[in-house]
Amino acid sequence: MKWIEESQLKEFQVNSITKKQMLYLSRLETKHNNDKFYKKKRSKRDIYDNYKKRLIRKEYRMLTDEELSRLHHAMNELKNRMIDNITLWDLHILIHYPDSAPGAHWGPAFLPWHREFLRQFENALQNIDNKVTLPYWDSTLDHGLPNPSDSIIWTEKFFGNGNGYVKTGPFKDWTTNVFMPLSDLKIKKLYRYTGGKDNDRLLSPNDVDWILNRDHYSNLTFCHDRTFESMHGLSHVWVGGFMQLKQSRRERENQYAENTCGDLHLPNAQMKPFSLTNINGMSNDYTDYYYTYQNVKHCSPTDPVCHDSPYYWCDRQIWRCKSKIQLGGSCNNLEGQDSCYTSMCINGICQYISMKEKEIQKREDIPSNVVWAKSLLLDNNNKPITHPFAHINNIDEYNTFNITSYVEEKIKNLEYNGIIYLALPKPSSGLPITITFQARDQYGRYCQSYCINDTTQIYNVCEPKIILKIRKDFEAANIAYTHSFMSRNYLDVDLSSHPSILRINPPYIIFSCNSKVVDGQELYSTVKNMMQFSKPLDDYVWFRVELILSYDSPFNLEELMVKVIDKDDSYYQWQEKINKVRSPIDTNIIFVKAPNPYINGKKIILRILILYEGQIVNCIAKCSKLNEPRKKSCSEEVVLHYIPFLGDENIFTSNDDILNLIGWKMVGHPSKWDYKLPYLSLTC
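Numbering of the sequence shown is given in the UniProt record's numbering, commencing with residue 1 and proceeding in unit increments.
Any given hint might turn out to be false.
[Stated by the list, open to error] Pairwise CB distance ranges, derived in the manner of DEER restraints:
#1 His96 / Ile56: 49 to 55 Å
#2 Lys672 / Trp574: 22 to 28 Å
#3 Lys603 / Asn402: 24 to 30 Å
#4 Gln126 / Arg316: 27 to 33 Å
#5 Lys672 / Ser534: 25 to 31 Å
#6 Gly430 / Gln126: 49 to 55 Å
#7 Ile620 / Ile599: 38 to 44 Å
[Unchecked claim] With a Cα cut of at most 20 Å, we get these calculated SDA-like pairs of lysine to any residue:
#8 Lys297 / Gly144
#9 Lys672 / Lys535
#10 Lys672 / Ile470
#11 Lys426 / Arg471
#12 Lys188 / Lys297
#13 Lys563 / Lys535
#14 Lys188 / Asp209
#15 Lys535 / Ile585
#16 Lys665 / Cys684
#17 Lys593 / Ser553
No lab work stands behind these hints: they were computed from the structure.
Note that the Cβ used here is the ideal one computed from N, Cα and C, for glycine as well.
Could you put together the complete structure from these sequences and hints?
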């Protein structure tokens, strides 16, 4: 084990494997049965007696509920138990790295090294629970499904979700000791993107046939043919994130590649970091004394049932067992076959005949002492989910706040399909609040969170968690929120621009219920295109004028009226009492009515007059076209235009519902909201 001591283990911030760690690993090495391991002096009777004691390695989905529970408990114990500065699980991961195992890949030692590695890992599990056996994953059962990412294996029962951060199943929220490779994001939690790239695929039955048709061990080694180790990598790449039947017993132990790709792969070279040699890993002792495999028994025309597991189904077109598909997964072209787990294939989706079977009791009351933020749920096709059972649980770090938010069934002004309002605990001065989200679609499937990157303005996969503060700092999420239930539909809305460029911004955090990870740029573009303002097409529009009474003004606002004259249309004259058109939010703002430039197809030149008892009041007019801090003297005329920036006043609307909020840009954290002043200001 001296070689391990010399390793540079920068990722784990240690300089060497400790003595305790070396002792732990050495005790897991395959034991020598009275030297039989090397000298092969064993009788048929001896082998037969051991056959009955061997562990049986099953396909993961063959395990019973009790076996699954024991396995997952043992794995989590490995992840939680520390040996010096590292968990037992991570120590096993460490010795698989090239620094520790330079001969583990790209040569004939690949198979024997991994054979010993898995046996040691199985020993580690058995040290925790001697009834646990290491299962295997037969990915050919998932290959050929309409979407392998929808396999039952990517559910809470087995691996957990495969679409981003692992938040369900036995391995949820596992941390890692290194950042995720090949990622622009600094991710140090268990993370997957199953089938995230179109060219990625799982091992197929044809791949297995190719392997079984090799007639010599050397034909499976990287120097002779790179295909086999590349096949081994298929599942690694597909998930993402972080021996020959034709051989005789004698051939298995003696057949080795002549071209060894380097000294590290020589048959008698040390199987670093273990004390064994590479040829030892070819020994029959592994399957004579320690374990055997239970193969998947496929269905046939005479026996059209997959007996090994309730999580398999028989594909009668090719007479092979395949993995069942999870609720909500794609079963396209599989109608009439038993491909869905606890559901039926209806219109290409695994679903219940009636969703009432899983009906959720929705709360209709409006919670108090909360703030509101917008979010969105998207399906496999990046379309908004509008089903009323889709929901998000909002939970604070102490679990004292736990509210479920549902998709809005009836959308109102400035809302869009799939919108969901997050009820969040109201932040108090100076104290951060951490909120975790648990988003599920109508089938109960986990939905991965995506947050807007403030710099690139695209969505990145993020943890379903935000920190809420009154003031925006590096720690607080840049999420728009409001205390007003009635105003929450205006969040993420920019009403400070010309109607032709007004927009509803995508929410800070959204949730994709796709079983795969989605491209962030594509996601942002899709969401942004959903949220379009329509141009004002009514006959008339409203815009703002600032009206201020000087400190020595003889007038009372209740006595004044405003009059609007269209300089190109003598028939248009509108007037109203000031009190009736004052903003309830800012009493210095009045709203005036004018012909719609979109309808007229030209600029509208307006004169704004203040009247007292029918007489024009002499007011001082000042203007600020580009929102300059200091207004300049001007006339009381205002030009509206249907083309941005060709008019004086760019902000106008025909929508009475948003009248009080025009000029506001309510995008991002409330402390960053901005207000654009009206073009014309009158002081009387």
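Identify every previously stated hint that the structure contradicts and give their numbers, smallest first.
-> Hints 1, 2, 3, 4, 7, 9, 12, 13, 14, 15, 16 and 17 are the ones this structure does not satisfy, whereas the remaining hints hold.
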